[in-house]
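Bring the two chains, given one by one in their own frames, into a single complex with the hints.
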Amino acid sequence: MNHIVLNKELKIAPARQPVLQVRNLTVGFNMARGQAKILEGVSFDLFQKEILALVGETGSGKSVTVKSILNLIPERSRETRGQVWFDAKDLLSMPDKKLQTIRGKQISMVFQNPKSSINPIFTLGEQIFRLIRLYLSPDIDALKLKMHCSRNQAVETIAKEKLNEVGLTDIQRMLKLYSGEVSGGMAQRYRIALSLLSSPEILIADEATSALDVTVQAHILKLMKDLCENKQTAILFITHDLSIAAQICDRVAVMYAGRIVEIAKTKTIFKKPLHPYTIGLLNAVPMLGKNKPLSFIPGMIPDLVNPPLGCRFHDRCDHAMDICRKQKPESLTLEDNHEVSCFLYK
Amino acid sequence: MNESLIILERVNTWFPNHKSILGKPRSWIKAVSDVSLDIIEGECLGLVGESGCGKSTLGRAILRLAPLISGKIRFMGDDISTLDSKALKPYRANMQMVFQDPKASLNPKMTIFKILREALVLNSRVTKENYLEQAVELLDIVDLRPDHIYRYPHEFSGGQQQRICIARALATDPRFIVFDEATSALDVSVQAQIINLMRNLQDRLNLTYLFISHDLSIMEHVCARVAVMYAGQIVEVQEAGLLFDVPRHPYTKALKNAVPTADPESRKELGILKGEVPKLSDPPSGCRFHPRCDYKEDICIRKNPLKSQTGENSWVRCHFHEKLWQQGDLINSKESL
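Going line by line, the protein sequences match chains A and B. When we follow the working numbering, the leftmost residue of the first sequence carries the number 1, and every step to the right adds one. When we follow the working numbering, the leftmost residue of the second sequence carries the number 347, and every step to the right adds one.
With the rest of the complex left out, here is chain B (with noise of 0.2 Å):
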């Protein structure tokens, strides 16, 4: 197994929700709460949850684009969770995103060479005159045609445009690229193609992905490991293939049988999760998931679960785990898929 690319201790990331007249935050929305993760060189993680969850916030809060209240985030084996926006800039040209919306992230007024040019200057590898042959192979490298090189954004459909975005990320040598819904806004068939190559540029050119979706049925597609976000904390990860069928939290296993499956054949009874996803600014005491469980008990009201792994590189946060696995309650649902 390689080694840990990013490793997360304890991160937790808060907006100041009410300020008094001093400008003092009352209180606080709690995004991300105590968050220990690692992202493994090489891998392509996976993190999914429900909107609100904090999901997003997390991603930026890696690349230091949220702010962080406490924890550490290591990034390549060096500490960056205190330095300031100078001392980030090595480190930024290494680190990429890609967004929801590409027409909302290309500047409407630049060429596409503008837009790649703007990144291309961060790489030092990349020299002044090497500009527009360094445009033209990126262009390439995502699959459009050299000609497109002097038009506008609005020139391209939404696939188009965010193979543009994926270019961009690409044109400073990043090690490291989150991307955060970037297939949500696309059509089945242009996202699979997306898809596709966000797999073969990460095999040709040993990236490490962060992939953030609320879409499960695509994770099995993308990421080698998934991590189930609820409520601003990680309740599991597990490796893709195992996470849907042997789900090891409950939230998994509500998440999964509220997904719609694309067989006729195999018609279920869409699973209804009680209860309304919790407020960040107050989220519930003990396991969070507690009011929404089918399966709580007085200690999950009081107390936090802590990590229980349950694989080499997976863990879980419940109470239960190892009672609801024994009675094989959450594999049940399985014979429903």
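So here's chain A without its partners, still in its complex pose (with noise of 0.2 Å):
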């Protein structure tokens, strides 16, 4: 019986669009050492009304991934290659003029220090107005019809109500508060009001909660799961808490030096791991309730300027056999959508 229900959604899930299309990402640094090949072949889909998790250890490639789709790094000694699909259309051969009306528009991010991606000279209010009057012109004048008030009044009041959504209280004073005069939780809550301004289809969230507080946290995920299911918004979440991807992500990828090592749904990420980084990863993980002694992967990050030839983990994996020196492992696509880059399953 189960066999066939598997079937069943196995069908069903190709029919689903995937809003986001990233294939072959490359991207490499040029530096006096030489070049430092950061991406190497990062591919995947961000699905309509899901939120995908972006994991893995500090340098892995996760905040360049994001950055290059919305072309936010310097070009300046960076070498691209790959397509970024959106809409019909490719993000990263796209002139920056055109990108600009995606940016911020139709994809938006939130950073990890929200302090930093607010402007400190500028009062909240000031800020979130002058979005406001570029986003959400129509709405300002149908307000301005039904309260016959003046632009300025259906402005803040428009204000008020997104800043509600996020869950903010005593917006009046607020509004006349700078940057450091708020706390992280309640900038990181702000700034999230601001992406979601203009309606983004995709919103990117690069370590949005790495710097806040346990209590301050939870409001954030569960603002981002609301958010995904009542607006329809599909959300790629990088973060490097295997914990935060356990209770809000619907797929999870996990990124081990430029490459993209296993993606598949969060329960069978948990359940039923393959590649032997994931492994690794999961077991160093400290569980609340649970006190297993914590196991570790030996070794280290490699050198991404001479990274190992074949697969880039062979020299820390238990399992290495000869092809993983000599060759890279393809990508393989198993039940369930399960897609893993190791010569183990082949």
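Hints are computed from structural coordinates only; laboratory data are not their basis.
Stretches of chain A that chain B covers, calculated by requiring three or more beta carbons in the stretch to come under 8 Å of a beta carbon on chain B:
1. 201-215
2. 218-225
3. 230-243
4. 294-304
Everything numeric in this text was worked out from a predicted model, so none of it was measured. Even for Gly, the Cβ is constructed at its ideal location relative to N, Cα and C.
Here it is, written out as structure tokens:
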């Protein structure tokens, strides 16, 4: 019985349209020592109404991946190849002016440190008003007619409504404050409200909760989840914290040294991880209420100027075979869209 | 049970906020107020709390690195709370600290040998001729190679740098080490290595630790006992195994419910704690947690609860802990985990 149900799911799955398709994204940074191969052939799909987690250690290329999608890294000394398909257009070959109309509007981004992405010399009110005037002028006009009020009053009403949506209170006072005067959690919620103003199709959250306390983090995570369910926004959630991925994400992509080594549904990744790196990473996570000894992966992330030949993980891997040292493993798709790049499963 | 290595009695650490023209403080930021705590010899005591609750300040106050307004600190039986820096020197070698950012706490212009030698000078048991030998031995203890000794800090990865910081802390043969968010800046797999190293060293060298962290899930792996801090006060001290299964204080429960677990099977509704962390310059009256507490009553606003013992080495500060305990209100959350 179960088997049939599984097959049915598989048939439906390809029918879902991905909103973002990253294909063979390769990024190199030219340095004095030579070219650092930061990303090598990164491919993944982001579907509508899903939260995809991109997890990995520091230096695995998570942030470079999403920054390359929006072309946010200075072009000097950088080489990018591959395609990023959004709305039947390739973002990487698009002129900067055109990309500007998508960036921030259709694809929006929230960064790790909320205070550094808010302008410190304007009040929080001034900044949100400006964006409302830019993105929501039909709404302002409608409200003006309905409430018989001035344009500025309409803008303020919308601002309050939008800030209320992300769970902020005492908004009247907050609009007059500067970014330095609010707490980290408030600033991050404000930042999220800003990125949602244009009702983006995709929200990229780059370590959006890493700098926050657990109690504030819980707020933000809940907010993200509601957002995905109610507004149909697809979220690409970058994190180094596997427990966050377990809590809110639908699928998890694990990155190691510039390659995606495994993508699967969250439950599958945690229940039946296949790639030796994923298994090692999961064993190193401390868990509340489970006092198992922590194990770790020996060695460290390779130098990307001279990355190891073949599989980039082979010199830290217990199961390394001869072929791992010579040949790059291709991505295999197993049942239930479980993708893994490892010769063990060939 | 062993004896207490450190006893804190009503320790207050305040920082002046606004100063008047004459330089007298008009108001204070009460980072640590009325904290009484003992740290038992050979244990690892955890200290958790949100950012800005005063946990780092408390750690520094124990080492006399932060100003002490009032209160007593007993270290190995001696009162060190009023000693000046000269008289403190013999005690300093016995207490060490490891910080969050290893890169920032190692001098980039010094080789590892120089860094370790600086600390070895304080160790009266090591003679000048033995510095090199001792430094190599220290590196061996923290699993680094002897040939690393003439390298500079930037040549190491974050995890290795943290090992060097630990080696430096061990150079003076201390009895007590404060780890202030020592693993927070590291990746999970590196973090696991450092924690295993810490546990090994504790067994081998009979050390006492104070482990400060905001990460609750790591506490059980490192500590035997955990103190929970909120707005400058310690609200609960409990064995690590029991703390999150059967919390006694509403704040502990709220903290636990906010932590995501790395298990998609037990996906839970993350608990949302209402309100914001109070300002330490103007803390709430009575029990400091009352504006955010689900169980508050009139007495909580008026009176700060006293300590009530809940076990041999554990206590809680809550007016209604017995009532909540009998009703099982706080334990219910165990099922949802």
